[in-house]
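If you're matching them up, the sequences are chains Y and P in order.
Residues in the first sequence are numbered from 1 upward in steps of one, following this note's numbering.
Residues in the second sequence are numbered from 1 upward in steps of one, following this note's numbering.
Hints are not guaranteed to be accurate.
[To be verified] For each label pair, taking beta carbons as the anchor points, the in silico distance ranges come out as:
id	chain 1	residue 1	chain 2	residue 2	range
1	P	MET311	Y	PRO71	52 to 58 angstroms
2	Y	LEU277	P	ILE81	27 to 33 angstroms
3	Y	VAL72	P	MET86	32 to 38 angstroms
4	Y	PHE216	P	ILE25	24 to 30 angstroms
5	Y	GLY184	P	THR28	33 to 39 angstroms
6	Y	SER129	P	THR274	39 to 45 angstroms
7	P	ARG176	Y	ARG168	53 to 59 angstroms
[Stated by the list, open to error] 30 angstroms max Cα-Cα, derived DSS-like pairs, lysine-lysine:
id	chain 1	residue 1	chain 2	residue 2
8	P	LYS114	Y	LYS282
9	P	LYS178	Y	LYS93
10	P	LYS178	Y	LYS82
11	P	LYS275	Y	LYS93
12	P	LYS114	Y	LYS284
13	Y	LYS171	P	LYS178
14	P	LYS178	Y	LYS219
15	Y	LYS284	P	LYS275
[Unchecked claim] Sample of chain Y residues with no beta-carbon within 12 angstroms of chain P, all distances over it, derived:
id	residue
16	TYR30
17	VAL38
18	VAL269
In case anyone wonders, no lab produced these hints; they're calculated from the structure.
Yeah, the Cβ is synthetic: ideal placement off N, Cα and C, and Gly gets one too.
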Amino acid sequence: MITTILDILIAGLLMGGIYAIIAVGLSLQYGVARVFNVSHGEFIMLGAFGTWILFTAFGINPLISLVMCAPVLFLLGFYIHKTIFRTLLRSSKIIEIFESKSMLVAFGLMYIIQNIAILVWGSDIKGYSYLNSPVNIAGAVFPANRLVTLLFALLIGAVFYLFLSRTRMGKAIRASAQDPAAAGLMGVNINQVLALCFGFGALMAGFAGTLLSLCFPIKATMGMEYTIIAIIIVTLGGLGSIVGSFIGGFILGIISSLVSYIEPSLTLVAYYVIFILMLLIKPKGIMGK
Amino acid sequence: MEILTLLKSNKTLRTATIVVLILLILATLPIYTPDYTIVLLSSILMYVVLTVSWVLFSGPTGYISLAPAAFIGVGIYSTAILGDSMPFPVVVLVSGIVTIFIALLVGALTLRLKGIYFTIFTFGLLELIRHLVLFLELHLTGTRGRFVIAQDFITVYFYMLIILAVLLLVTFLINRSKYGLALRSIGQNEEAASHIGVNVTTVKIATFVISAFFMGAAGAVMATRWTYIDPGIAFNMFFSFMPVMMALFGGMAHLYGPIIGSVVFTYLEEFLLTKLPELYMMLFGAIFIVAILYLPDGLLGVIQKGWAALMRKVRKDNLGGNHANS
């Protein structure tokens, strides 16, 4: 009994790390750049496929791909914001209009990216194995790659947290999240900050994609599932809060492993019940102000 | 003559006459057009119904709802389950009523949420219902999909036309009643609206429910065209984004904006899907983005701008002519 509970808990924590990274990305894109990015999962998919290609075609270690794929996606996100979303921001009179229009643009992006991925890689499942020797954690046996992903997720989260709280750039981002107009008046280059935040969101998606491809099979249409998970965690943890994203990620990870132990096909239903309860009880989330 | 002067003086009557004429023309179309046109027109009518009923609620209030796909899916599943036990008109009506109950529940739960939280919720609702239905189907009936009793394409067409006619009438009546005014006041300032005595929650839920009824009914009719459905087909996120996109693409300043938007967009979808099925998603996504970026007031805005420019030119020419005469 106790070992089962431990199994479930550890499996949940191992999953929660990746979930948290995914959510941090969306949290930045919506919390600061005000783009409700329904194409977030497509960036994750691109990260995963990038890693897969580098590993299978060039034999590059996935942990090295971590610092190769994500930065490329950062640039992609940065330039998408600089071109498309900035044009939209300029033409929208109020922020609500920008929010609804940017969501639709993101839906268009999702279609484009998914179509390209299907054309290039086909729609069947791909995968590779790396570091899947079994490891024993407190009686529960897991492949080593799960442990590695959790460690890297925590590391990425911690570095990014320090970046936001300690550096000048981080301060500018936090200021822009609170009040873009005032931040602009204080000399923050607001357009640059928004583009950076969207880029950082894509960066996080890239990291998450690489880490996911380590543990799970991947396919071109995998994105939507992770977009939804990100939306739920962000709502759970509070928009724009990194700590909240990590708490939400671990909660969702544990719920996921608990429910899939009892009845696997109800996992997503369980997510939604939590999500709906959270929206009704405290829509601002655990760490929301 | 008298009728003509009456039509000239009364704008509402004029619009009503035009709408009735168009509906009559549409109703006689199956006599002299090829079958394919009727099938295409049914899709167009479906999207017009979806978009107009989406605008009915989201247009004046500004609450961006991503629930259409959920309501359509509920309509589709009601038809699939009830299809062989009742006559078709009853099935469509009952599907609409089932959708009403879902919408009542959702509305009561969520219409207290503001802005993006409402959107997020309705986005999640679709996936929740889809997975729940999938779970129930797998565990209770042991099937993944269902067969729907097919109706011939003329029946589908006429049902869509009737639903559209009723929807247009309802929209018209709501817009000119005090409820329409209350809805618009909610969109402008919800707190002020509630202070001057508008029962904000009731008005919002009532409109949300009415718009859901038409989506459910449209889904019920369309289900007979697909013959086979499963949760993935019935609860397709695409149906949530299309009405929003078509409304924005057409322009929401007038009722005919969304109608133009859905006609053009459905035709475009059909064209791309048949001509370039492999690049369909990509091209459609690109059109989505370009339309949002470069048509801020929709096609309606473009038409109005063009019309205004034309009028200015005509007036200028007239003035010039007068000068020459004097």
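Point to revise | Pair hint outcome, LYS114 of chain P versus LYS284 of chain Y [Cα-Cα no greater than 30 angstroms] | key: 11 angstroms, holds
Point to revise | 52 to 58 angstroms as the expected CB spacing between PRO71 of chain Y and MET311 of chain P, which holds or is violated | key: 54 angstroms, holds
Review point. Holds or violated: 32 to 38 angstroms for the Cβ distance of VAL72 of chain Y and MET86 of chain P?
Key: 57 angstroms, violated
Review point. Are all C-beta atoms of chain P more than 12 angstroms from that of VAL269 of chain Y?
Key: 5 angstroms, violated
Review point. Taking the CB of LEU277 of chain Y and the CB of ILE81 of chain P, does the distance hold inside 27 to 33 angstroms?
Key: 29 angstroms, holds
Review point. Is the hinted pair LYS114 of chain P and LYS282 of chain Y satisfied, with a Cα-Cα distance of at most 30 angstroms?
Key: Distance of about 13 angstroms is within 30 angstroms: holds.
Practice item. Mind verifying the non-interface call on VAL38 of chain Y? Its CB should be farther than 12 angstroms from each CB in chain P. Key: At about 8 angstroms from chain P, VAL38 of chain Y fails to clear the 12 angstroms cut-off, so the statement is violated.
Review point. When you take the CB atoms of GLY184 of chain Y and THR28 of chain P, is the distance between them in 33 to 39 angstroms?
Key: At roughly 60 angstroms between Cβ atoms, THR28 of chain P and GLY184 of chain Y fall outside 33 to 39 angstroms, so the hint is violated.
**Study point:** Satisfaction of the hinted span 53 to 59 angstroms by the C-beta atoms belonging to ARG176 of chain P and ARG168 of chain Y
**Key:** 57 angstroms, holds
Point to revise | Pair hint LYS275 of chain P and LYS93 of chain Y, alpha-carbon separation not exceeding 30 angstroms | key: Outside the cut-off at roughly 38 angstroms; violated.
Review point. Does the Cβ pair PHE216 of chain Y, ILE25 of chain P satisfy 24 to 30 angstroms?
Key: Given about 56 angstroms between the Cβ atoms, the range is violated.
Check your understanding: Would you say the C-beta atoms of SER129 of chain Y and THR274 of chain P sit inside 39 to 45 angstroms of each other?
Key -> 42 angstroms, holds
When held up to the earlier numbered hints, the structure conflicts with 3, 4, 5, 10, 11, 13, 14, 15, 16, 17, 18 and fits the remainder.
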